[in-house]
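Student: With chain A held as given, fit chain B onto it using these hints.
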Amino acid sequence: MLDTLLLSRIQFAANISFHILFPTITIALGWFLVFFKWRYDKTSHPVWLRAYRFWVKIFALTFALGVVSGITMSFQFGTNWPGFMERVGNIAGPLLGYEVLTAFFMEATFLGIMLFGMNRVPNKVHTLACLIVAVGTTLSAFWILSLNSWMQTPTGFELRDGVAYPTDWLAIIFNPSFPYRFFHMLLASGLTASFLIAGVSAYRLLQGDNKQAPRLTLKVALTVAAILAPLQAFVGDLHGLNTLEHQPQKIAAMEGIWHTEKGAPLVLFAIPNEKEQRNDFAISIPNGASLILTHHHDGELKGLNEFPNAHPPVKPVFFGFRIMVGMGMLMILVAVGLRWQLHRKQTLAPWQLKTLVAMSFSGWLATLAGWYVTEIGRQPYLVSGVLRVEEAVTKLASENVAITLTMYLTLYAVLLVVYIRTLFFTAKKSVGVEEYEQTQLTGGKYA
Amino acid sequence: MLNAEQLALLFAGLMALAILVYAILDGYDLGVGMLLPNQEQDKADTMIASIGPFWDANETWLVLAVGLVLIAFPLAHSVILQALYLPASFMLVGLILRGVAFDFRAKAKSKRKDMWDKVFKGGSYLTSFSQGYMLGSYVMGFETTIVAHLFSILSGIGVVTAYRFIGAAWLIMKTTGELQQQAIHWCQTALRVSAIGIALVSIVNPIIHPNVLALWFELPMALVLLPMPMICFGLLVLLELTLPKLAQRPEQGAWLPFAIAAMVFCLCFFGLAYSFFPYVVPGKLTIFETLSAPESLNFLMFGVVFVVPTIIAYTLYSYRVFWGKVTPLSYY
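Those protein sequence lines, which keep their order, are chains A and B. The C-terminal residue of the first sequence carries number 447 in full-length UniProt numbering, and the numbering is unbroken. The C-terminal residue of the second sequence carries number 332 in full-length UniProt numbering, and the numbering is unbroken.
Calculated directly from the structure, the hints in this document are not laboratory data. Possibly wrong hints are sitting among the right ones.
Quick list of simulated restraints, FRET-style, between CB atoms [said to hold, decoys possible]:
{"id": "1", "chain 1": "A", "residue 1": "Leu409", "chain 2": "B", "residue 2": "Leu316", "range": "32 to 42 Å"}
{"id": "2", "chain 1": "A", "residue 1": "Asp280", "chain 2": "B", "residue 2": "Asp114", "range": "51 to 61 Å"}
{"id": "3", "chain 1": "B", "residue 1": "Gly303", "chain 2": "A", "residue 2": "Ala13", "range": "23 to 33 Å"}
In silico DSS-like links for lysine-lysine, alpha-carbon gap of 27 Å or less [said to hold, decoys possible]:
{"id": "4", "chain 1": "A", "residue 1": "Lys395", "chain 2": "B", "residue 2": "Lys284"}
{"id": "5", "chain 1": "A", "residue 1": "Lys354", "chain 2": "A", "residue 2": "Lys428"}
{"id": "6", "chain 1": "A", "residue 1": "Lys429", "chain 2": "B", "residue 2": "Lys43"}
{"id": "7", "chain 1": "B", "residue 1": "Lys109", "chain 2": "A", "residue 2": "Lys354"}
{"id": "8", "chain 1": "B", "residue 1": "Lys109", "chain 2": "A", "residue 2": "Lys428"}
{"id": "9", "chain 1": "B", "residue 1": "Lys111", "chain 2": "A", "residue 2": "Lys429"}
{"id": "10", "chain 1": "B", "residue 1": "Lys109", "chain 2": "A", "residue 2": "Lys429"}
{"id": "11", "chain 1": "B", "residue 1": "Lys109", "chain 2": "A", "residue 2": "Lys211"}
{"id": "12", "chain 1": "B", "residue 1": "Lys113", "chain 2": "A", "residue 2": "Lys429"}
{"id": "13", "chain 1": "A", "residue 1": "Lys354", "chain 2": "B", "residue 2": "Lys107"}
{"id": "14", "chain 1": "A", "residue 1": "Lys42", "chain 2": "A", "residue 2": "Lys211"}
{"id": "15", "chain 1": "B", "residue 1": "Lys43", "chain 2": "B", "residue 2": "Lys325"}
{"id": "16", "chain 1": "B", "residue 1": "Lys43", "chain 2": "B", "residue 2": "Lys109"}
{"id": "17", "chain 1": "B", "residue 1": "Lys107", "chain 2": "A", "residue 2": "Lys211"}
{"id": "18", "chain 1": "B", "residue 1": "Lys325", "chain 2": "A", "residue 2": "Lys124"}
{"id": "19", "chain 1": "B", "residue 1": "Lys118", "chain 2": "B", "residue 2": "Lys43"}
{"id": "20", "chain 1": "A", "residue 1": "Lys428", "chain 2": "B", "residue 2": "Lys111"}
{"id": "21", "chain 1": "B", "residue 1": "Lys245", "chain 2": "B", "residue 2": "Lys43"}
{"id": "22", "chain 1": "B", "residue 1": "Lys118", "chain 2": "A", "residue 2": "Lys429"}
{"id": "23", "chain 1": "A", "residue 1": "Lys219", "chain 2": "A", "residue 2": "Lys429"}
{"id": "24", "chain 1": "A", "residue 1": "Lys428", "chain 2": "B", "residue 2": "Lys107"}
{"id": "25", "chain 1": "B", "residue 1": "Lys325", "chain 2": "B", "residue 2": "Lys107"}
{"id": "26", "chain 1": "A", "residue 1": "Lys262", "chain 2": "A", "residue 2": "Lys275"}
{"id": "27", "chain 1": "A", "residue 1": "Lys219", "chain 2": "B", "residue 2": "Lys107"}
{"id": "28", "chain 1": "B", "residue 1": "Lys118", "chain 2": "A", "residue 2": "Lys428"}
{"id": "29", "chain 1": "A", "residue 1": "Lys262", "chain 2": "A", "residue 2": "Lys302"}
{"id": "30", "chain 1": "B", "residue 1": "Lys113", "chain 2": "A", "residue 2": "Lys428"}
{"id": "31", "chain 1": "B", "residue 1": "Lys107", "chain 2": "A", "residue 2": "Lys429"}
Think of the CB as a built atom: it goes at the ideal place given N, C-alpha and C, for glycine as much as any other residue.
This is chain A alone, in the form it adopts within the complex (with noise of 0.2 Å):
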């Protein structure tokens, strides 16, 4: 029988991986629903109105599924580890308070008039409801990251009798690795959303769909794909450098750095052999890590020896940067090399279309492998210094958590399916319509 610890750790990182699948999508979808709405109003052309139908629907879906994960996890702070609340809540509680009270009321309630009111408010005043959900989403996000990133970076309290206590709440919300875990994330949501907008829109092109909508929504999110991308790189360098800073135990696992060295390589691939403290099959470039890392080709750069018992387990930490890192790499070769297409040929081949279809949910690929980069990489603390994992477990009986765990995994794994063959399905079921729908679009009852 597996203990409690172990299974309540594999129970929220199931749990908190299933949730963020959806987050990711909403956050900046909604944005992009915000987008579609205005240029609406602006032109008053039906095709954004089709446009924002379409992907309203797949929004109300994702959130659903957002919500309901989410809740799972509120429980579980208290239910599976009781220690987390006990010595850090007085950091913890207030962040999650404000996302509930100044993100969760506002989405919920604004996104039943965004849903269902388009014909009950006024035009203005549905356009502003998209607004505010976006906003919202943005918010929750703001709140949760700021919770994440001192859980890594911890400032601003001080420990009296193992106990954090506040002492400066500035410096607790915007602690230093703040600011760029939450563009880091922001983008990650961007591209996410970009990626399954155009992998559907082409989908619906292959199929045959003849209407304006999916073009224009395959242009507008391969050209926010092609912005992104790149950007992406390059906010995700920044955070590594301040990861460097701040969690060089984190960045030594990353790069497979086992002991402190001067002009270390850069390891493209091996296979980290963590009993005998080295790299196996490494293929690297010589001083290359240095250089990115210090820029300088002949500096220093701790490694893994330094944090005896206290770093993280180095395999997931390193594979899991090499897929988001690879990841990322393609959606720049494929968003900059498509929009440019695009831009020449006015169209994209069926192969080009295909290959978007295949890349519908790379962006939920890369956003988990880089997830568990930064929390497993932050192992075996929960708190950075403060507060260790085991120190914050449950004293459940390991038979309850494993019954629950079974059942949320198999509810994951039937809901994930579901999901995405719903999403699949709407977009087929949407290439039969017609565009006769036009005469309702600007009176009709259900416009």
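Tutor: Quick look at chain B alone, frame taken from chain A:
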């Protein structure tokens, strides 16, 4: 800046408000979910349309309530939820199922729609029953005896009935025609069962908890308190008499059943809250003992003072936007 005692009272009050608002608001939409008919697609569509714009925001009150316990009384949060680990998890599964079924039913292939309606209904039952079970277990001080389990099961049935009651009352207000007549019928049944349930709890609670007996029957408070159960039963009788008339003339005072149901919820909730105050873990921990650091709660208080009135304002606005009888649900 407030001191620890004031903060404990403020956050306990806010937590109580969130729980009460949750019970009324999510109560009616869970109730509508449980009342969903099998095989009658049109009725199911109308019923779900009546809660469509609201269910998400309604559920947020649960997040706020649980969040406030977590933030203001963290020790209580971990004691209560570890004791209620399994029922709480079942409730979450119920909430997940109904939340997704709501969206999947509208987008799935039409032959699957019936299945999602069943999931919606089943999820609503699972959520409501688990909440009732948790309430019962809480009242019994998390004992694990057979009697305590039986009481919790009865309490689960009680909450299911109470939610069906307020759900039916909501439908009377929001629908017309055949469905409204059916809702009146549902309301009558649920009302009678609820009345028996409330009576039982009101009698049993003082018997098993001597301190509750003292709280309610000692002068001078008894003068203020004892009329409350009477008002509660008076309201239920009034509704019992009104419903047949409403069936005859459905347009006169269709809002009355919902208003009465909400008031009954308030009175029952007050009764429970008063019986337990100032304990947050019954008989063991008070709100003062489990309070988190005052400097944290003072920081959060600013948000509470400004944001909660705003939340109430736009919630009211949203109800005004969707005021009146339900219309087909469509955002396409």
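Student: Each of the hints needs a verdict: does it hold here or not?
Tutor: Tested hints:
{"no.": "1", "hint": "Leu409/A to Leu316/B: 32 to 42 Å", "verdict": "holds (41 Å)"}
{"no.": "2", "hint": "Asp280/A to Asp114/B: 51 to 61 Å", "verdict": "holds (56 Å)"}
{"no.": "3", "hint": "Gly303/B to Ala13/A: 23 to 33 Å", "verdict": "holds (30 Å)"}
{"no.": "4", "hint": "Lys395/A to Lys284/B", "verdict": "holds (19 Å)"}
{"no.": "5", "hint": "Lys354/A to Lys428/A", "verdict": "holds (15 Å)"}
{"no.": "6", "hint": "Lys429/A to Lys43/B", "verdict": "holds (24 Å)"}
{"no.": "7", "hint": "Lys109/B to Lys354/A", "verdict": "holds (25 Å)"}
{"no.": "8", "hint": "Lys109/B to Lys428/A", "verdict": "holds (11 Å)"}
{"no.": "9", "hint": "Lys111/B to Lys429/A", "verdict": "holds (14 Å)"}
{"no.": "10", "hint": "Lys109/B to Lys429/A", "verdict": "holds (9 Å)"}
{"no.": "11", "hint": "Lys109/B to Lys211/A", "verdict": "holds (23 Å)"}
{"no.": "12", "hint": "Lys113/B to Lys429/A", "verdict": "holds (15 Å)"}
{"no.": "13", "hint": "Lys354/A to Lys107/B", "verdict": "holds (24 Å)"}
{"no.": "14", "hint": "Lys42/A to Lys211/A", "verdict": "holds (21 Å)"}
{"no.": "15", "hint": "Lys43/B to Lys325/B", "verdict": "holds (14 Å)"}
{"no.": "16", "hint": "Lys43/B to Lys109/B", "verdict": "holds (19 Å)"}
{"no.": "17", "hint": "Lys107/B to Lys211/A", "verdict": "holds (21 Å)"}
{"no.": "18", "hint": "Lys325/B to Lys124/A", "verdict": "holds (24 Å)"}
{"no.": "19", "hint": "Lys118/B to Lys43/B", "verdict": "holds (14 Å)"}
{"no.": "20", "hint": "Lys428/A to Lys111/B", "verdict": "holds (16 Å)"}
{"no.": "21", "hint": "Lys245/B to Lys43/B", "verdict": "holds (23 Å)"}
{"no.": "22", "hint": "Lys118/B to Lys429/A", "verdict": "holds (23 Å)"}
{"no.": "23", "hint": "Lys219/A to Lys429/A", "verdict": "holds (21 Å)"}
{"no.": "24", "hint": "Lys428/A to Lys107/B", "verdict": "holds (11 Å)"}
{"no.": "25", "hint": "Lys325/B to Lys107/B", "verdict": "holds (24 Å)"}
{"no.": "26", "hint": "Lys262/A to Lys275/A", "verdict": "holds (23 Å)"}
{"no.": "27", "hint": "Lys219/A to Lys107/B", "verdict": "holds (26 Å)"}
{"no.": "28", "hint": "Lys118/B to Lys428/A", "verdict": "holds (25 Å)"}
{"no.": "29", "hint": "Lys262/A to Lys302/A", "verdict": "holds (9 Å)"}
{"no.": "30", "hint": "Lys113/B to Lys428/A", "verdict": "holds (17 Å)"}
{"no.": "31", "hint": "Lys107/B to Lys429/A", "verdict": "holds (9 Å)"}
In summary, this structure violates none of the numbered hints.
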